[in-house]
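Participant: The lines below spell out each chain.
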Amino acid sequence: MTASLEVRRLAYAYPDGTQALFGVDFEIARGERVALLGPNGAGKTTLVMHLNGILTPGHGTVTVAGLPVGKESLKEIRRRVGLVFQDPDDQLFMPTVREDVAFGPANLGLRGPELRRRVEEALDRVGMLEAIDRPPHHLSFGQRRRVAVATVLAMEPEILVLDEPSSNLDPASRRELAEILRGLDVTVLMVTHDLPYALELCERALVLSGGVIAADGPTAKILADSDLLAAHRLELPYGFALPRAEHSP
Amino acid sequence: MGAGHSHQLYRPGDTLVHRLPPQCKLAAVAAFALVVVATPREWLWAFGIYAVLLGVVASAARVPPGFVLRRMMIELPFVVFAVALPFIGFGERVPFLGVTLSVEGLWAAWNILAKATLGVVASVLLAATTEPRLMLLGAQRLRLPPLLVQIAMFMLRYMDVIVDEMRRMRVARESRGFTARDVRHIPAVAKSAGALFIRSYERGERVHLAMLSRGYTGSMPVIQDLSASSRQWLTAGMLPGAALVVLLGTTLVNGGL
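Chains as they are written, first to last, in my numbering: chain A, 1 to 249; chain B, 1 to 257.
Don't read these hints as lab results, they were simulated from the structure. Just so you know, these numbers come straight off a predicted model, no measurement behind them. The beta-carbon is built from N, C-alpha and C at its ideal position, and this holds for glycine as well. Among the clues, some could well be false.
Unchecked claim - Where chain B lies over chain A, by a calculated footprint (3+ residues, C-beta under 8 Å):
no.	segment
1	68-81
2	99-106
3	144-155
Start from the sequences, fold in the hints, and give me the full structure.
Facilitator: Structure (structure tokens):
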């Protein structure tokens with residue numbers, strides 16, 4: 001079976017010469033939920049921008065379900081990779097929730113009842129169907145984040161990429177979002193430095209640090225390795241501890 | 001989050017006027033304004049009939065007079081200007097309460113007041129019965145360049161976000177002991193305005209990325225079907241149509257005298 005996402009020797013330098021990625025290698029199988037952990041400035045956002053072709057790699061390749069990211073495949077790639085941005089106000093730019101969720105599938109050429117069905121289904125999956133005709137700025141922050149998830153679900157993506165999904169959420173909204181994400185039958189890559197959230201939702205974690213993948217393994221095992229965390233400026237919240245894995249390497 | 005500054009003009013409802021497609025209403029209001037402007041100022045009763053026509057539309061749309069009156073404040077600067085005219089006008093003068101007023105100035109003032117008021121009331125009724133976003137979609141159907149429509153649409157969406165940001169910056173300024181009292185404080189306020197501009201610009205870039213990520217290729221997909229039937233065009237045309245009949249009728253009568 002082809003992997004949902006395959007990143008090979010990906011390197012990138014910004015136009016001003018700052019090198020952000022130094023050869024990133026990983027693979028995500030279909031249906032996996034993976035956390036991408038890393039301190040601020042590790043290159044997480046830069047990596048995410050490569051996944052749907054907003055940035056073009058200086059070196060290396062990104063492949064989504066067998067299709068390499070490139071100029072010709074951009075349209076299909078952007079359908080397959082659903083990016084949920086950190087600030088829902090950036091993601092929700094249309095006057096009503098309905099129009100916003102319809103924006104993606106309409107760009108794919110869907111119209112009429114089929115479009116309507118997609119929009120309603122996507123909103124239903126995040127429990128926001130009743131807000132369909134409201135303007136996004138009248139929703140609470142947590143509701144807006146859920147609608148933002150719906151906007152990409154409506155495109156029926158191969159992989160859902162979330163940038164800091166738990167940021168600025170109150171505990172209840174955070175839990176609601178976790179329940180929604182766990183219920184989705186889709187591959188998820190979650191970029192975060194909220195380690196407990198990664199542990200709660202993702203069985204596997206990648207640590208991106210200094211522009212390379214510094215660790216790749218079961219989330220519980222990575223979070224229990226305090227030396228590894230410390231080496232990459234990752235910290236568990238106060239009072240939060242994981243038992244060290246019994247047979248750690 | 002604010003309650004939405006963009007919706008103060010709109011009055012939700014489900015009347016015949018509300019249900020008309022926005023492009024019909026926009027065209028009708030524009031045509032009505034043209035007829036009003038084309039009416040010679042001396043034909044007082046024609047203006048009376050125009051006012052009655054607007055009254056009929058308002059009652060059909062169930063928009064109460066107080067709602068319209070409050071939103072007519074926008075006309076105030078014109079009123080001030082119009083009131084000044086009889087005092088500063090030239091030509092023949094008539095005495096009134098101990099002062100003399102220019103006859104020409106009185107006519108000019110009446111002309112401005114009557115036509116502006118009718119135009120403003122018609123626009124207020126349009127805005128009260130049409131959601132802002134539909135108004136833009138209607139304008140797009142009337143062949144307004146799509147780029148302008150997109151810009152206006154983003155303004156509509158981000159107005160509250162930016163006003164909110166502005167408020168937070170003011171609170172942050174004042175929390176550190178700053179209050180704008182006189183001209184010496186202008187630089188600080190101006191710098192905040194500049195920062196706000198940059199923040200908004202950066203947000204624009206992020207929004208553009210989000211749009212690209214969902215397959216944006218330069219034009220907004222038209223999702224809502226806004227086609228108007230000929231019957232709806234006819235209904236909307238009743239307002240400017242009736243006004244035109246009044247104008248032409250009066251022209252005939254006056255020409256026949």
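Participant: Which of the stated hints cannot be reconciled with the structure, identified by number in ascending sequence?
Facilitator: Of the numbered hints given earlier, the structure breaks none, since each of them holds.
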